[in-house]
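S.K.: With the hints as constraints, model all of the structure from the sequences given.
Just so we're aligned: 271 in this note's numbering is position 269 of the sequence shown, and the numbers increase by one with no gaps anywhere.
Calculated from the structure, these hints are not laboratory results. Be careful, since some hints might not be right.
[Said to hold, decoys possible] Below, a list of computed lysine-lysine pairs in the DSS-like style, where the Cα atoms sit at most 27 Å apart:
1) LYS124 x LYS208
2) LYS274 x LYS208
3) LYS124 x LYS277
4) LYS343 x LYS361
5) LYS124 x LYS274
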Amino acid sequence: MISSPKAYKRGAVLPSSNPFQRLAELLEGETPGLDPVVMTIGEPQHAIPDFTAEVLAENIGDFRRYPPINGTPEFRRAVADWLDRRYRLGGTIDADHGVLPLNGSREGLSFGAIAARDQLDKGLDHPVVVLPNPFYQTYAAAAHVADARAVLLDAVPGNNFLPDLDNLDADLLDETVAFYIASPTNPEGYPADIAFWQRLIGLARKHRFYIFADECYSEIYRSDPPPGILEAARAMNTDFSNIIVLNSLSKRSNLAGLRCGFAAGDPVFLRKWAKFRGLAAPQVSLPAQAVAVRAYQDEAHVAENRRLYNEKFEAAERFLGPIMGSVTPEGGFFLWLDVGKWGDGVTVTKRLWRDIGVKVVPGGFLASDQSDGSNPGRDFIRIGLVAPLEQTEVALERMANWFGEQA
Numbered sequence: 003m004i005s006s007p008k009a010y011k012r013g014a015v016l017p018s019s020n021p022f023q024r025l026a027e028l029l030e031g032e033t034p035g036l037d038p039v040v041m042t043i044g045e046p047q048h049a050i051p052d053f054t055a056e057v058l059a060e061n062i063g064d065f066r067r068y069p070p071i072n073g074t075p076e077f078r079r080a081v082a083d084w085l086d087r088r089y090r091l092g093g094t095i096d097a098d099h100g101v102l103p104l105n106g107s108r109e110g111l112s113f114g115a116i117a118a119r120d121q122l123d124k125g126l127d128h129p130v131v132v133l134p135n136p137f138y139q140t141y142a143a144a145a146h147v148a149d150a151r152a153v154l155l156d157a158v159p160g161n162n163f164l165p166d167l168d169n170l171d172a173d174l175l176d177e178t179v180a181f182y183i184a185s186p187t188n189p190e191g192y193p194a195d196i197a198f199w200q201r202l203i204g205l206a207r208k209h210r211f212y213i214f215a216d217e218c219y220s221e222i223y224r225s226d227p228p229p230g231i232l233e234a235a236r237a238m239n240t241d242f243s244n245i246i247v248l249n250s251l252s253k254r255s256n257l258a259g260l261r262c263g264f265a266a267g268d269p270v271f272l273r274k275w276a277k278f279r280g281l282a283a284p285q286v287s288l289p290a291q292a293v294a295v296r297a298y299q300d301e302a303h304v305a306e307n308r309r310l311y312n313e314k315f316e317a318a319e320r321f322l323g324p325i326m327g328s329v330t331p332e333g334g335f336f337l338w339l340d341v342g343k344w345g346d347g348v349t350v351t352k353r354l355w356r357d358i359g360v361k362v363v364p365g366g367f368l369a370s371d372q373s374d375g376s377n378p379g380r381d382f383i384r385i386g387l388v389a390p391l392e393q394t395e396v397a398l399e400r401m402a403n404w405f406g407e408q409a
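M.R.: This is how it looks when you write it as structure tokens:
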């Protein structure tokens, strides 16, 4: 179900391969058939928490101060307490050394591979960074800046769009310094279970690599909260060695512009990483950290956010389900639609724009072509359900009519 991993020579997966630039080039000169409805970028559009302005105002004077690179004690404690409540960790997170603030999780994902390479020092000119395919493009950037060989594991239906860990070559894993994985998966929206996380933790410790668990969509789910990697480690009665979990307020609290996230887990790794970040990374402003403290202490706005997304997934099921079967993933806010019946993702994207004015992203643009020419996203399109319900329903109804007419 998962194709064999294929290693790319250094530089073959480049951060300049931006799917939205490719989309602009694809649609250049094309005229939308109806008033445009854009369903491409995953930028939250729901309301920010009510308390945001109040907390910023209370802490406005702290914009003149340089923040500590390891964050305020209040920030670290709020994150540790939230992780403890969310994943039932029994107080095992080290709030002093096991939590670091980030300028959004993207910053941590970008530079984590460098720290992993340097801390492990496997003596390789170009160590391996493993990433799923399709993937969040920052993972590829991380491999590139770490001067690493990217190895892509194709994600296909049948395994919750997760890599088959039992098919990984031991020699490959011995050369690996960082393994990037998202749960819920991005863009497909399916979670890793405890067994998957524990299998991956075992491999990381056996072969000496770090897991960068991207859990940014952890709070955007339909009914059951997805298990996290720290929860899996806790269930093993082990510590958090080799585990770095990354999350932020961007999706959970609609605060993408605040640029405030965190890394948590392995305290030895994080202590050393903090020293590197003290030289190379921008700090997170103190007012932003103050907002985060309040946000991680409040679940009411998160539940409302989740309700609004689930309302739109119910609409997607209502419009598209009769044509495509169930389209609702367990998590995230994207539809990942197999449109192979109507053509590949690029063809369908162009026709949806030209015929009905709905802009989506071809799945192949979010994945990389393998050396044999295959691309696991080729027959898919990605649709972001971030717009208000009324606008989302307009797009879904147009698409349902279009797909139905083409059947």
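S.K.: Next, verify each hint and record whether it holds.
M.R.: Okay, the hints, checked on the actual structure:
1. LYS124 x LYS208: This hinted pair holds, its Cα atoms lying about 14 Å apart.
2. LYS274 x LYS208: holds (21 Å)
3. LYS124 x LYS277: holds (20 Å)
4. LYS343 x LYS361: holds (19 Å)
5. LYS124 x LYS274: Roughly 17 Å separates the two Cα atoms, so the pair holds.
Of the numbered hints listed earlier, not one is contradicted by the structure.
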